[in-house]
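If you count the sequence shown from 1, position 14 lands on 14 in the numbering used here, and the numbers rise without skipping.
Treat each hint with caution, since some may be false.
Simulated DEER-style distance windows between Cβ atoms [as the list claims (entries may be wrong)]: (1) E43 / Y21: 19 to 29 Å; (2) F15 / N67: 14 to 24 Å; (3) Y35 / Y68: 24 to 34 Å; (4) S73 / K39: 46 to 56 Å.
Read the hints as simulated data drawn from the structure, not as lab findings.
In this text, a Cβ means the ideal position worked out from N, Cα and C, and glycines have one as well.
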Amino acid sequence: DSYGFIIDNSYFVDFKNKVEYFLTAVVHSNEDDIYNDGKYEYETICFPFLKNLGRAIYNFELERHRNYPPDLSKFRFKY
Numbered sequence: 001d002s003y004g005f006i007i008d009n010s011y012f013v014d015f016k017n018k019v020e021y022f023l024t025a026v027v028h029s030n031e032d033d034i035y036n037d038g039k040y041e042y043e044t045i046c047f048p049f050l051k052n053l054g055r056a057i058y059n060f061e062l063e064r065h066r067n068y069p070p071d072l073s074k075f076r077f078k079y
């Protein structure tokens, strides 16, 4: 049991815009502060927060100036 905690890790790559970043987040959602009651706000707090965090970081990375743009060629797969 995670008792209201969600941990998410990702490595995001956007080949078109040459954006890459790692993102790790730990979110706690136990509004009643009672552990082991099975009442946690994953759907209403954790998942929306992670979605909005991911979008905010992506939008920031789209606009961020890079002195050394990443070479993402080793991550591109040919299907």
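A quick look at each hint next to the structure:
A C-beta distance of roughly 26 Å is found between E43 and Y21, which places it inside the suggested range of 19 to 29 Å. At about 20 Å, the beta-carbon gap between F15 and N67 stays in the expected band of 14 to 24 Å. For the pair Y35 and Y68, the supplied restraint of 24 to 34 Å is violated, since their beta-carbon distance comes to about 46 Å. For the pair S73 and K39, the beta carbons lie near 48 Å from each other, so the given range of 46 to 56 Å is met.
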